[in-house]
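Participant: In order, the protein sequence lines correspond to chains B and W.
Last residue of the first sequence: 205 (the working numbering), numbering continuous.
Last residue of the second sequence: 211 (the working numbering), numbering continuous.
It should be emphasised that the hints constitute simulated quantities derived from the structure, not laboratory data.
Note that the structure is a prediction, hence the values are computed from the model and not measured.
Backbone N, C-alpha and C fix where the C-beta goes; we use that ideal spot for every residue, glycine too.
Heads up, some of the hints might be wrong.
Once the Cα atoms are required to be at most 25 Å apart in a straight line, the calculated DSS-like pairs of lysine-lysine come out as [what the hints assert, rightly or not]:
1) B:Lys71 with W:Lys22
2) B:Lys47 with W:Lys86
3) B:Lys47 with B:Lys36
4) B:Lys71 with B:Lys47
5) B:Lys71 with B:Lys36
6) W:Lys186 with W:Lys22
7) B:Lys47 with W:Lys22
8) B:Lys180 with W:Lys210
For the chain W half of the interface with chain B, some residues (derived, Cβ under 8 Å), not all of them [stated by the list, open to error]:
9) Leu37
10) Phe64
11) Leu78
12) Val80
13) Leu99
14) Gly103
15) Ile207
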Amino acid sequence: MSVGSRIEKSARTSRDEDMGAEPRSDLSTGLKPWHAIVSEALKRNEVRLVTYVPDRVLTPLIDSVHKDDFFTAFASTREEEALGIVTGAWMGGMRGAVLMQTSGFATLPNALASLAVPYQIPLLMFVSERGTLGEFNLGQALVCRTMRPVLDALGIENHTITRLDELDFIVDRSIKQAVATQAPCALILSPLLTGGKKFAH
Amino acid sequence: MDIASSAAHHANLKVTNRFELSQRLVALLTQGEAVIGGIGNTNFDLWAAGRRPENFYMLGSMGLACPIALGVALAQPKRRVIALEGDGSLLMQLGSLTTVATLAPKNLTIIVMDNGCYQITGAQKTTTAFSADIVGIALGAGIKEARWAADEAMFESLVRRALLEDGPQLIAARIDDKPAVATTERDPSLIRDRFMRGIGVKA
Numbered sequence: 005m006s007v008g009s010r011i012e013k014s015a016r017t018s019r020d021e022d023m024g025a026e027p028r029s030d031l032s033t034g035l036k037p038w039h040a041i042v043s044e045a046l047k048r049n050e051v052r053l054v055t056y057v058p059d060r061v062l063t064p065l066i067d068s069v070h071k072d073d074f075f076t077a078f079a080s081t082r083e084e085e086a087l088g089i090v091t092g093a094w095m096g097g098m099r100g101a102v103l104m105q106t107s108g109f110a111t112l113p114n115a116l117a118s119l120a121v122p123y124q125i126p127l128l129m130f131v132s133e134r135g136t137l138g139e140f141n142l143g144q145a146l147v148c149r150t151m152r153p154v155l156d157a158l159g160i161e162n163h164t165i166t167r168l169d170e171l172d173f174i175v176d177r178s179i180k181q182a183v184a185t186q187a188p189c190a191l192i193l194s195p196l197l198t199g200g201k202k203f204a205h
Numbered sequence: 009m010d011i012a013s014s015a016a017h018h019a020n021l022k023v024t025n026r027f028e029l030s031q032r033l034v035a036l037l038t039q040g041e042a043v044i045g046g047i048g049n050t051n052f053d054l055w056a057a058g059r060r061p062e063n064f065y066m067l068g069s070m071g072l073a074c075p076i077a078l079g080v081a082l083a084q085p086k087r088r089v090i091a092l093e094g095d096g097s098l099l100m101q102l103g104s105l106t107t108v109a110t111l112a113p114k115n116l117t118i119i120v121m122d123n124g125c126y127q128i129t130g131a132q133k134t135t136t137a138f139s140a141d142i143v144g145i146a147l148g149a150g151i152k153e154a155r156w157a158a159d160e161a162m163f164e165s166l167v168r169r170a171l172l173e174d175g176p177q178l179i180a181a182r183i184d185d186k187p188a189v190a191t192t193e194r195d196p197s198l199i200r201d202r203f204m205r206g207i208g209v210k211a
């Protein structure tokens, strides 16, 4: 759509190779890179709207949904806003997903508890996991520890994905379950899967 | 109108009433327009103004009326969609105005009932009671079609215009500090299901 192409021009296209760790190699498995697998699973399941608050690790996935006309992809100013947009889109007949990092998830409990969960919205959340396995920022390490307890307290289905060979199965089945059971779902993308973010120093 | 003249204009607006404006709004909705009613008094008076199946009522998630309406507008580009919001709620999610302006959905209108206070919690003043000007903020966010309704008749004419012309548009009205006249039924799954059927997503 025209909106998508307008937004694409302002989307981040450069990657800071010093800061962004290389995704786990796919040479040993013969599988596609993680972001291609996620993007294809979204497409296969008719998830057309992708909105995000950017994250370094998510950049290849963000780039790929911007480049593909199948998707309506754009940045939101807050994760809560993105949740609201996906909620409205679902009720209007369009499936959607929110991409964020761990600290962004920490802004969501009220909107999850008062909108997505009680209104039975199959909100798909992809969370790039910061704060563990080599984190250099104490703030990220602390906020990371709030994520799974919040998800569990709200009874939200969540999976931490660490392996490339399990990725398609988990994403594909989770989308189908979210839609069939009318419930939000969080898929946490571990540094074991994505390569994570390298130490700044 | 530019940002400075909007702020100057603000003091001269007639103070109207939320329920009165909600009734006038609902009377103009004849084409299955979707309305997202923001938390509290805003959706209570929308509820009181008539039980339309195309209305969605928020019971929490303060500030998300505009994002929800944006989502509906993107999913259904042929349907007119209205976000009905209060000043306190809008102030919580001002960034969403910039997203609306950037995506520029033609079928989206934002209506803001501005009483300058958090009426429902004890009428504590919001920042619009001081220097903040909702229309000026919308213009600054990039929503070019943003206007104050000077009175009830102008509100109606701005709504008529918004339903015919390309958006996104924002209409703001000063209202008094009266509470809503009724309370929305608090059943989230029922509200969601009725709304989805009302806008043709479920048979």
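Participant: Among the hints numbered above, which are violated by the structure, and what are their numbers in rising order?
Facilitator: Hint check: 1, 7, 9 and 13 fail, others pass.
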